Amino acid sequence: MQEQNKILDELESMGSTLGNISRGMPFTVPEHYFNELPEQMLIHVLEENIISDLPKSMPFNVPKEYFNTLPAQLLEVVKQNEKPKAKIIPLKRNLWYNMRIAAAAVLLLAAGTGIFHFTQQQNSFEKQFAALPNEAVKEYAQQNMLDLPNTNMGVTANTMTATLTEEEITNYLDETGWQ
Amino acid sequence: MVEPAIDDLSILASFREEKTREQAFTQLVRKYQQRLYWHVRRMVVEHEDANDILQNVFIKVWKNLSEFREEANLYTWLYRIATNESLTWIEQQKKRSSISLSNDDNTLANKLEAQKGFDANKLEWRLQQAIQSLPDKQRVVFNLRYYDEMPYEKMSEILSTSVGALKASYHHAVKKVEAFLVNI
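So the protein sequences, as listed, match chains U and F. FYI, the working numbering numbers position 125 of the first sequence as 125, with every residue one higher than the one before it. FYI, the working numbering numbers position 90 of the second sequence as 269, with every residue one higher than the one before it.
There's no promise every hint is true.
No more than 30 Å apart at the CA atoms, straight line, and that leaves these computed lysine-lysine pairs for DSS-like [said to hold, decoys possible]: (1) U:Lys6 / F:Lys354; (2) U:Lys6 / F:Lys301; (3) U:Lys6 / F:Lys242; (4) U:Lys6 / F:Lys274; (5) F:Lys239 / U:Lys56; (6) U:Lys56 / F:Lys242; (7) U:Lys56 / F:Lys198; (8) U:Lys6 / F:Lys333; (9) U:Lys6 / F:Lys355.
Okay, the calculated bits of chain F under chain U, using three or more residues with CB under 8 Å as the criterion [stated by the list, open to error]: (10) 228–239; (11) 290–301.
Think of the hints as simulated: they come from the structure by calculation, not from any bench. From a predicted model like this one, the values you see are computed outputs, not experimental measurements. Even for Gly, the Cβ is constructed at its ideal location relative to N, Cα and C.
Based on the provided sequences and hints, a complete structural model is requested.
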């Protein structure tokens, strides 16, 4: 009570009105909280006690010299299981080498493609030529006979006339005005 | 609130005896639980947080009461533990909030507004808002003086701060609280 009066006097001396305000707390507390807390705390600390009193040493046995020999044993196992390493060619170091290989590959590919297309053209030309009717070929050959170079194509007048009949020769001479 | 008329020396003597230790502890809790609870609750606002902190306080009491020097005041010792536990908890919450990537609005001010029955129009709630706006240690000083009516000398033992500094802190706290109430 004495201290309370001191506090009120102190606030008054500061010119404060806080001394006139109710100091009751507006917070709510769960029902029976303070009734139950002492017993709950006792249970809690006794549980903590039990846990802290438990021995921390392990009751298990470890074979003699186990930890001394373990590192060497593990190393042995690791070596046995080690697989031969594949040769690794790092790309960055042989970049120029790889570029040359790539260039050669591109060249080969281009050449191969060119040959393929050329071959395809040839085949295509022969196929087309074979597909032409004989009459059309003959007509073309006759029309363009004078355009052909005067080379021996293995065809002579004797060989040509040998295949013609007398009637055909006569007809030709009539048509061309030679008779 | 009626406290059992058991003096601290009797509690200490009983606690030192293994047969009566548990009984002494229960008596001690019963004697100081409400004062310590409200001291913590005024700092942390929420009941659940206050309960956690209070339990930590009494666990520390159980563990260390055997070594407690009788020349010191048990009441002061208990308040020191409760104050330190509360301030430590608040610091941890602040660190968690600063680390958290989420937009954490779980500040003490927000917790206050979330309290059951909160009404910003009522003076007792506005007073709590004003007190929550104080820096942590200043809030402790204000609460101990204004609510617990603690003498500055006792407060000095609890907070390891000079009486003069505590008076100055309390005066500033009172001014800030009044300014807050006037501005709302």
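Hints, verified against the model:
1. Between U:Lys6 and F:Lys354 the CA atoms are separated by roughly 18 Å; this keeps the pair inside 30 Å, and the hint holds.
2. For a cut-off of 30 Å, the pair hint linking U:Lys6 to F:Lys301 stands: about 27 Å separates their Cα positions.
3. For the proposed pair U:Lys6 and F:Lys242, the alpha carbon gap of about 37 Å is over 30 Å, so the pair is violated.
4. Simply put, U:Lys6 and F:Lys274 have alpha-carbon atoms about 38 Å apart, too far for the 30 Å limit, and the pair is violated.
5. For the suggested pair F:Lys239 and U:Lys56, the alpha carbons sit about 22 Å apart, so the restraint of at most 30 Å is met.
6. A threshold of 30 Å between alpha carbons decides the hint, and for U:Lys56 with F:Lys242 the separation of about 19 Å falls inside it, so the pair holds.
7. As the CA atoms of U:Lys56 and F:Lys198 are separated by approximately 26 Å, the hinted pair is consistent with the 30 Å bound.
8. For the proposed pair U:Lys6 and F:Lys333, the alpha carbon gap of about 15 Å is at most 30 Å, so the pair holds.
9. Restraint check for U:Lys6 and F:Lys355: satisfied, since their Cα atoms lie roughly 21 Å apart, inside the 30 Å limit.
10. Residue count for the region 228–239 of chain F with a Cβ under 8 Å from a Cβ of chain U: 5. That meets the three needed, and the coverage hint holds.
11. Taking a C-beta to C-beta cut-off of 8 Å, the region 290–301 of chain F contributes 5 residues in contact with chain U, enough for the three needed, and the coverage statement holds.
Of the numbered hints listed earlier, those contradicted by the structure are 3 and 4.
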